[in-house]
Structures are given as structure tokens and as C-alpha cells.
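Chemist: Model the full structure from these sequences, guided by the hints.
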Amino acid sequence: MAQNQIRKGFFFYFGLLILFLVTLSLIFLVVLIFSPNKDFIGLRYFSYTNHSYISQTSGDEPVNIDYSTVKSIEIDCGYADVSLKKGNGDDASWRDGIHINNDAKGFTTAADAIDFTYNATLENGKLVVKLTEPTGFMYFSKNIKVVIYASANSNFLDGKELIVKTADDGNIFLGEALHANTIKSNGVTIAKADIKTEKGNIYVSSGLVFDNGKEGEEHKTVESLELYSGSGSINYRPGQQCADVLNIPKDCAVKLRTANGRIDFSAINGSDLIVECDNGSVRIDTLNLTGDCKVHSKQGNFTFKNATVGKLDFTTSENTMISPDIDILETLTGDLILSNATAGASPNVVINKVIGNVNIISTDGSLKIKDSIKGTLTVDGRAGSFSVEAGIANVEGQANFNIQLKNGHINLNLRDSINNNVNNNLATEKGNITLNMKSEAKFEAEATLFNGNKKTDKIQSSSSFASLNDNVLTVNGGTRTDGFVKLSTDENIKLNLVASF
102 MAQNQIRKGF FFYFGLLILF LVTLSLIFLV VLIFSPNKDF IGLRYFSYTN
152 HSYISQTSGD EPVNIDYSTV KSIEIDCGYA DVSLKKGNGD DASWRDGIHI
202 NNDAKGFTTA ADAIDFTYNA TLENGKLVVK LTEPTGFMYF SKNIKVVIYA
252 SANSNFLDGK ELIVKTADDG NIFLGEALHA NTIKSNGVTI AKADIKTEKG
302 NIYVSSGLVF DNGKEGEEHK TVESLELYSG SGSINYRPGQ QCADVLNIPK
352 DCAVKLRTAN GRIDFSAING SDLIVECDNG SVRIDTLNLT GDCKVHSKQG
402 NFTFKNATVG KLDFTTSENT MISPDIDILE TLTGDLILSN ATAGASPNVV
452 INKVIGNVNI ISTDGSLKIK DSIKGTLTVD GRAGSFSVEA GIANVEGQAN
502 FNIQLKNGHI NLNLRDSINN NVNNNLATEK GNITLNMKSE AKFEAEATLF
552 NGNKKTDKIQ SSSSFASLND NVLTVNGGTR TDGFVKLSTD ENIKLNLVAS
602 F
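Counting from 102, one number per residue, gives the positions in the sequence shown under the working numbering.
I should point out that these hints are in silico values taken from the structure, not numbers from a laboratory. Any given hint could be a false lead.
[As the list claims (entries may be wrong)] Computed Cβ-Cβ distance ranges for the label pairs, DEER-style:
#1 V599 - A268: 54 to 60 Å
#2 G553 - E419: 29 to 35 Å
#3 D192 - D269: 25 to 31 Å
#4 E419 - A600: 39 to 45 Å
#5 N348 - D192: 23 to 29 Å
#6 P350 - G553: 51 to 57 Å
#7 A211 - T443: 46 to 52 Å
#8 S242 - R483: 58 to 64 Å
#9 N370 - N165: 41 to 47 Å
#10 N348 - H152: 33 to 39 Å
#11 D192 - V346: 26 to 32 Å
#12 T421 - D192: 44 to 50 Å
[As the list claims (entries may be wrong)] Cross-link-like lysine-lysine pairs, in silico, DSSO-like; alpha carbons within 27 Å at most:
#13 K293 - K172
#14 K559 - K507
#15 K471 - K531
#16 K454 - K507
#17 K531 - K555
#18 K266 - K227
#19 K206 - K139
#20 K539 - K559
#21 K297 - K246
#22 K351 - K412
#23 K399 - K507
#24 K297 - K206
#25 K543 - K595
Positions of the beta carbon are idealized from the N, C-alpha and C atoms, including for glycine.
Modeler: Here it is as C-alpha cells:
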């Protein structure tokens, strides 16, 4: 009985202590909140609600900024969002230039407290604005926005260079602010853009006009666009009733880069494109280029639905490639070129259909062409365990293949006849060679060991459609004139007759 009373008394006083501490904490919070930007018992509550228009440079002798003479604008900040925006005619109170809306709120320690400041310098036509944002251990709002603004009837941004760097998770909006419901203007056209964010996202929106469509001296286009996001995403954010398409002018150099983030576009049209991805992912549903797409990769995932290019070129990754996954879900129209010189590099390439040529040099990894290739297939995997599985479609006598491996397997689906090209060569030292074919595939094959000696053992046929005389295989009654291929391996050669693929 006495023990129960002692226990009840303990919890009663313990509860009073907790209630006292909570009440004391709430009092501290109230004092901090009602004394913003002041220190109290080692803490500070920072709170800002202001709008700034940058009309002068910073320093002891400020200079008025004439934005019409500014050639380059650079914004350097941390977690602030940066927006390149064209007015819609309903906001007459805004002027051409740089606006800062600061609504940041949160708690920080007095020792780590940083006041919000910005510094503007102008030299040789280059305007640089650097922000210092308040940091804390608890944020109620990180809402700081830098708006590079052009009014509805203004063209003051035409021909200017834009440089933006956000060192934290600041997002960058090129063309329209986030959640814009309508586009009432023709957008903005800048000359060049170099955009970088470490943790934020980059949105290329329909308010950014790559080509104003005008003639003569009024014709303005974006000359270069380089976008980099360390761990965020780069994508297109259209306005209402705007197609989700990034149309690049003919002479515009575009580079999309990410380290661990995501590049995501439904469609990109243009001439040339550079894509760099270390460990992130790239998804472009429709890639339509009159020129080449140069890809630099380490690992990462690359997914295209349909790609029409001169070349899909991975040769710039030769010394950096590790194990990227490259997937073309429907059709590649153009050439794929891939090479690597990194020990243990193992790219995995999966393509549904190729209308063009494929040229791969790799140590390890794999290539799979699900439907067919209508062009030349060249694979050099003699340094590792690369394997090949492909469908071959001989259209107008263009199906040529030269595959040389060390340990990998070769599996080809011959959809029709093959050429009598003496360079048709399938060689793997320690892997199997499997040919699946329909009755239309008439050809002659020479079977040898990998060192070139005649091979007559370990040759298997699913039926009598293929005959072996010495080391010469006659398939479906074909002769060397019908088509020829050289088969070289120390392992098995398998011939399978199939009704369909």
C-alpha cells in the first residue's frame, strides 16, 4: 500500500517537472518568435518578409544599374530559388531587373546565426549578385526567391548571358515560375545560359524561347545552354496547353549534365546534344536529332524510347565507363558507337530494333538486340566476357557482322539470308555460338577452332537442314554465293531451324 502511494507520488511530481519544462520551452519559443532576429539564451528566431529590387551596386559608393547595358547576369546563392520570368502584363508594379523575395523563417543558434544579405557588383557589363541566406537547425520556411524579370513588352534579356549557381537545394526555373497556370507572353530569349545546382531541380519551361521566329536583326536564338544538377532533376515544365517538347535551334549547343540526379524529357528535337551522367539516370522518350548525341557516362541508366540520330556516341566515356545500362525501348535510327578502355567495365546495352550500325569495343558486359539490326554489327570483346544476342535482318544486302569475343556467348537470330561478305565473322574462344534461323537463311559456313584449325566436333544441328563436309557447313542447301560466315570457337556451335521469331 505504501509502495503504491510512493509510486503515485513519484509519477505526480515527475509529471509536474515535465509540464514545467514544456511550459518553459514554450515561453522561450514565444519570446524568440516575438523577438525575431535577436539572440535569447543562445538561440535566435530568424524571420524575414521583404521584397528587394536591385537597382544599385553594393558598397560604400553604390552605382545605379542600367540594365539595358548589362551583358551578363550571374546569380550565386545557396537554397534560394532562381526564376527567369517574363511578365504577363498584369503586374505593372514589377520592373525589368532582379527582384528578391525573402520569406525565410526558422531557428538557429546564436553562434551560427547568419543574417540575410546580398552583394551586387557590376564590372565590364557583368552584373554579379551573391546571396547569403540564413541557416538553421529548424526551418519553417526556406522561401527565398530571386526573380530575373522582364516585363511583358520588354526585350532587355535578349542577347544576355545568364549564369546561375545554387550551392544547396535551390531550384532554378527557366522561363516561368513554378505552378504557372497560363502563358500570356512570348517568353524570354537569352544568348547563353550556364546553370548549376548541387541539390536542387532545373525546370526548362515554355517561357524560355530558344528562337523568337523573327527575321533580320530582330532574329534572336539561344546560342548555348548548359544545365547541371548534382542530385536533383533536369526536366521540362510546360505551361498550360504547351507540348512537352524541347526544341533546340540548329546552332544551339546544349549540354545536359548530372552526377547523381535525373535528366527527364519527353522529347528533344534539334541538331546536336551532349549528355553527361555519372551515377544518375537519363530518360528521353523521343530523341530526334539531325546531328549526333554524345554521351559521357560512368554508371547510370540511359533510357530512350525512340532515337533518331546521326550517332549515339559513347566514345567520350572510353576512360570513365564502369557499368551503365543503355536501353532503347523501340527503335534506334542511326549508329551506336561505344568503346571503353577501363578494366572491368561492363556496359549492358539492350535495343529493340536498329536501323543503322552498331560498333562496340568493351571488356565485359553485353549487347542484346531483341528484334533486329538492319546494318553492320561490329563487336570487339576479346579482352573479357562480353556476350552478344541479336537478331539479324538483311535488308538490301546491308547485314554484315563481325563479332570477336574471348569468353562470351554469341546468339544470333537470322531472319533471312545473309551476305556472302568474307568479313562475316563470329569468333569466341571460350563461349558458345548459337544460330537460330528460318528456312530462308541459305548460306555456307566455315567452322574452325579459335586458333584457326579445322573443327568438326561439338557442332550440333536440330535437324537435317544443315550438313557438314569436312569443316564446311551447308545450311538450307545454300552455297558461298548465297552467303558466307566464318565460325570460330573452342566450344559448341549450335544450329537451330525455327518456324518464326
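Chemist: The structure should be examined with respect to each hint, and the outcome stated for every one.
Modeler: Now for the hints, and whether the structure bears them out:
no., hint, in the structure
1, V599 - A268: 54 to 60 Å, "holds, 59 Å"
2, G553 - E419: 29 to 35 Å, "holds, 30 Å"
3, D192 - D269: 25 to 31 Å, "holds, 28 Å"
4, E419 - A600: 39 to 45 Å, "holds, 42 Å"
5, N348 - D192: 23 to 29 Å, "holds, 28 Å"
6, P350 - G553: 51 to 57 Å, "holds, 54 Å"
7, A211 - T443: 46 to 52 Å, "holds, 51 Å"
8, S242 - R483: 58 to 64 Å, "holds, 60 Å"
9, N370 - N165: 41 to 47 Å, "holds, 43 Å"
10, N348 - H152: 33 to 39 Å, "holds, 35 Å"
11, D192 - V346: 26 to 32 Å, "holds, 28 Å"
12, T421 - D192: 44 to 50 Å, "holds, 47 Å"
13, K293 - K172, "holds, 11 Å"
14, K559 - K507, "holds, 18 Å"
15, K471 - K531, "holds, 24 Å"
16, K454 - K507, "holds, 26 Å"
17, K531 - K555, "holds, 16 Å"
18, K266 - K227, "holds, 15 Å"
19, K206 - K139, "holds, 13 Å"
20, K539 - K559, "holds, 22 Å"
21, K297 - K246, "holds, 16 Å"
22, K351 - K412, "holds, 17 Å"
23, K399 - K507, "holds, 24 Å"
24, K297 - K206, "holds, 25 Å"
25, K543 - K595, "holds, 16 Å"
Checked against the numbered hints given earlier, the structure satisfies every one of them.
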